[in-house]
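**Student:** Letter by letter, the chains look like this.
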Amino acid sequence: MESVGSIILYIVVALAMVVFSVLAVTTRKILRAATYLLFTLFAAACVYFMLDYEFLGAVQIAVYAGGIVVLFVFSILLTTRPGHNSERLTSKSRVLGSVAALAMLLISGYALVSRCALYAAKPLADTPTMQQVGKAMMSTSEGGYLLPFEAVSVLLLACIIGGVVIARRR
Amino acid sequence: MLLIPAMIMFCCGVYGFITRRNMIAILISLELMLNAVDINFAVFNRYLWPDAMEGMFFTLFAIAIAAAETALAIAIIINLYRSARNIDVRDLNKLKY
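Protein chains in written order, with numbering that gives the first Met the number 0: chain A, 0 to 169; chain B, 0 to 96.
These aren't lab readings, by the way, just hints derived from the structure by calculation. Since the structure is predicted, the reported quantities are computational estimates derived from the model, not experimental observations. A couple of the hints might just be wrong.
Said to hold, decoys possible - If you only want the chain B side, here are some residues facing chain A, beta carbon under 10 Å, derived:
| hint | residue |
| --- | --- |
| 1 | Met6 |
| 2 | Met8 |
| 3 | Cys11 |
| 4 | Gly12 |
| 5 | Leu31 |
| 6 | Ala65 |
| 7 | Thr69 |
| 8 | Ile76 |
Ideal Cβ positions, reconstructed from N, Cα and C, are used throughout, including at glycine.
Please model the complete structure; the sequences and the hints are all you need to start from.
**Tutor:** This is how it looks when you write it as structure tokens:
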């Protein structure tokens with residue numbers, strides 16, 4: 000957080016993230032909630048780019064903004080009538096949700112403000128290159144991630160089969 | 000500094016998870032919470048251990064698993080909609096009693 004440009008970028012990204020996540024949980028049209036979720040995910044990808052994790056930002060955009068939001072939009076269009084508003088919240092559930100969220104915000108905010116250096120400058124480090132990422136992903140030595148990589152591939156296979164079995168018309 | 004918007008995003012997810020009635024809206028709140036946690040991993044990795052890559056890989060695998068979980072949850076929701084014509088969590092109480 001040294002130059003003026005990075006401060007402006009931080010303010011824009013943080014504002015977008017806060018505003019769109021609040022809108023995503025308070026809007027009454029479900030399709031709009033999915034759209035606000037898309038903007039929030041783009042802001043999260045911007046955070047990854049600001050931290051110099053380019054690969055992570057690209058994965059975030061490709062998987063979340065490209066895959067999951069499309070899934071959401073399809074399932075919303077399949078399961079709700081267009082133009083349908085969800086009814087107003089009862090005051091009981093709203094109070095309950097607000098109390099839980101505010102308690103969480105107070106506790107974690109207190110911990111964050113009291114323990115962390117909020118204005119720490121970003122340490123100078125070289126961004127992990129694609130070669131480093133690939134080598135770490137495929138190596139079996141110390142610091143290698145071949146086992147979780149294969150576990151995730153098995154999990155995705157199980158997810159494909161499970162999705163087909165669950166959503167199949169009997 | 001980047002932890003503050005992530006924290007607010009997580010609290011929005013908690014609020015939506017409790018107050019929402021539609022199952023897909025609950026899933027959207029869940030995605031908000033997962034993303035906030037992913038951002039925390041990446042930020043801690045960058046600011047505390049800039050030479051390591053553990054947080055980045057944890058975020059990567061978390062994104063993959065969240066994608067799998069969302070696809071499966073949406074399959075369940077669509078199947079439920081087919082049998083009950085409704086995805087409101089208040090009306091789906093046949094398994095409860």
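**Student:** Restraint: Cys11 of chain B near chain A, CB-CB cut 10 Å. Satisfied or not?
**Tutor:** At about 4 Å, which falls below the 10 Å cut-off, the nearest Cβ of chain A leaves the hint on Cys11 of chain B intact, so it holds.
**Student:** Is the hint on Thr69 of chain B kept, meaning its closest Cβ partner in chain A is under 10 Å away?
**Tutor:** Interface hint status for Thr69 of chain B: holds (5 Å vs cutoff 10 Å).
**Student:** For the restraint on Met6 of chain B, tell me whether the closest CB of chain A is nearer than 10 Å.
**Tutor:** 5 Å, holds
**Student:** Does Ala65 of chain B pass the interface hint, meaning its C-beta sits closer than 10 Å to a C-beta of chain A?
**Tutor:** 8 Å, holds
**Student:** Would the stated hint for Met8 of chain B survive a check requiring a Cβ distance to chain A of less than 10 Å?
**Tutor:** 4 Å, holds
**Student:** With chain A as the partner, please determine if Gly12 of chain B meets the hint condition of a C-beta pair closer than 10 Å.
**Tutor:** 7 Å, holds
**Student:** Would you settle whether the hint for Ile76 of chain B is holds or violated, based on the nearest Cβ-Cβ distance to chain A being less than 10 Å?
**Tutor:** 6 Å, holds
**Student:** For the restraint on Leu31 of chain B, tell me whether the closest CB of chain A is nearer than 10 Å.
**Tutor:** 5 Å, holds
Every hint, counting from the list given before, is met by this structure.
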